[in-house]
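Here the structure of chain A is known, so what remains is to put chain B in place on it, guided by the hints.
Residue numbers (my numbering), protein chains in the order written: chain A, 1 to 381; chain B, 1001 to 1381.
On the chain B side, residues computed to face chain A include the following (Cβ under 8 Å): (1) Tyr1134; (2) Ile1138; (3) Pro1263; (4) Gly1264; (5) Val1266; (6) His1275; (7) Gly1279.
Far from chain A by the CB rule (all over 12 Å, computed), these chain B residues: (8) Gly1051; (9) Glu1214; (10) Arg1330; (11) Pro1345.
Derived from the structure by calculation, the hints contain no laboratory data. From the three backbone atoms N, C-alpha and C, an ideal C-beta is built for every residue, glycine too.
There are 2 protein chains.
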Amino acid sequence: VTTSEVHPRADADARMALIELAHCVEPADAVVGRLVQRAGPLEVVDRIRRGGAGKRLGEGLRARLADSGAPSAEARATAIGARIVTRVDREWPRQLHDLGAAAPFAIWVLGAADLRLTLLRSVAMVGARACTGYGELIARTWSAALAECSWTVVSGGAFGIDAAAHRGALAADGVTACILAGGVDMPYPRAHEALLARIADEGLLVSESPLGIEVRRQRFLSRNRLIAALTRATVVVEAAERSGTMATARAATEMARPLMAVPGPVTSPASAGCHRMIGEGEAALVTSADDIMGLLDLGRSQASTNPAPRANRDALSSAERRLLDAFPARGAATAERLVSSSGLPASAVWAGVGVLASAGWITEDPAGWRLVRDRPPPQPS
Amino acid sequence: VTTSEVHPRADADARMALIELAHCVEPADAVVGRLVQRAGPLEVVDRIRRGGAGKRLGEGLRARLADSGAPSAEARATAIGARIVTRVDREWPRQLHDLGAAAPFAIWVLGAADLRLTLLRSVAMVGARACTGYGELIARTWSAALAECSWTVVSGGAFGIDAAAHRGALAADGVTACILAGGVDMPYPRAHEALLARIADEGLLVSESPLGIEVRRQRFLSRNRLIAALTRATVVVEAAERSGTMATARAATEMARPLMAVPGPVTSPASAGCHRMIGEGEAALVTSADDIMGLLDLGRSQASTNPAPRANRDALSSAERRLLDAFPARGAATAERLVSSSGLPASAVWAGVGVLASAGWITEDPAGWRLVRDRPPPQPS
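Next comes chain A alone, as it looks inside the complex (with noise of 0.2 Å):
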């Protein structure tokens, strides 16, 4: 199957054996994962269920899908308000191709906001579950800011930092999510309860994990390069030297996502990962929620020599490449030429502007939208 194309009516049989696939196999999962690739989902789902398919499409996958209870999923998930979206779903956030043959089959959501919109101009925010009052200060009040300023704060629900990050964006009024380790049905840690319910409320709980799945020590380290890969950056605020946290960092490395840390007191052990990464020059040193959008933001950082991350090429569907493709390569364009220029229809070309500047390709313009480049282009003086 390919899943870089949008599919407003997503092929139901694909969508299904995404469904099945969620159900019998491990999360991150990168040989089944590459069969996936190369093979497409209906293909593999009907291997497991032949049971022909070597060892590692054995009897273990067949019983599991057997008993996955995958039909009714997605009855399921409607019936405590949830939703499954899968690949070829057009919510699908695109990102997660960066994951490659792990790359997760579908994603369950609770919460009113669209998974890909939400996502695309998103910063995580992690740390230690043992925090100290400063990095607790830090999570809750920078969460706040980048909220203020339209960023999603994406962090795991656990005690400590990531809690104080949901937290910070709630007050704010700003939108959060929350990536799970367990189904979204299976509130973790069970004294965050009421936590994750505002979460659903306000922003999204979302899990790979289908729906009754508890947390296991692996989904938890599924889940962290879940969350880096969700995210344009991902920040850390507090961190031990060997911890989940340091995994989310290492995923976000090897995505290429920007990684950032904040410096503590030297005396603080819940620092010294921090400082490590910071000291080797894996992750770049913060000081402020300003900071972080410095890094992000490219309308913030036009005056910086280096260019500033932007949302991936492959995060935008097929209409938004489209119409990315014509805008002029110098000076702005009104929407009336852009519909004229990408053979769009207007409704799609004023949807797409909004992704496109959300994602920091385009940029508003006094004669409309203009391309963003690493050096502004010269202005008439």
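Same frame as chain A, but now just chain B:
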């Protein structure tokens, strides 16, 4: 005058000319400095005295020289237990050559230790006068740890980080050197009179200002360059964004001395300068005295892929350079072999290996001494 050779009995005339220049020329005056590099101190003093060498060497310098009391400087220094070390003296710290035309002509020293040897294995620890309890704790404890490993801790005697650095070294019975902006007989700040007296007793008080000179703004700035020039690396513990500490840091970088900075809470303005330098890659992030020594001490960092800094070859005396060149490229040499390969007397070889080892060029070996290399030579197993 050539300043790169050792003159056990320095030319008395050149010595007096350098002392006279130190009296009438402002510190770091590169114009006069270049003239001295070209024409030599005797010729420049002669031109000043004749008053016929253009605007720069006109009446101002002539009057200052006449009033300076330079002829009695040596006697006055001796009277208070101090001494004057000039560019042609054996005790001159040769790393000051890195200052080029802005190098001092002479230095006043109060304290028993040999100036050159004491500073061969030295590190500057500097920072804000208005420091926090955190910064003071770091300066005191790290300075003590450095002193315990035979590093001379150099600072400027000011309130805050400087005083904590001196006190830490003293508490560990280590050697500390205080570089003053005014004369070594003019303790500044006055509140540190007892501290400075103790440093003179157990370490070194150092200044390029003649006796009796009071501190002035310009002398603080030139003193800061001296701190950076005299040491192998500079550690900034806490510093606000615009501060004298930043001048020391810039001077260290300009002379290619390693610059290190300590992170702290992002909520603390006293750490803002450190964070900027780390974030912009100007300073290495250090979280412990071991980190500092790891970057400084080749012996500790042989496993690292980056060669550690060592004392500049120009900082060695001609006899020490001759001894260094007499080492075999591979393997160790005994003192006897070094006597024969260098042609130096045994006493000079024994003195020299101590200096070369403390300067990071050679290391002790079961078979004698060997050159320190970026990678350790293959070990017999």
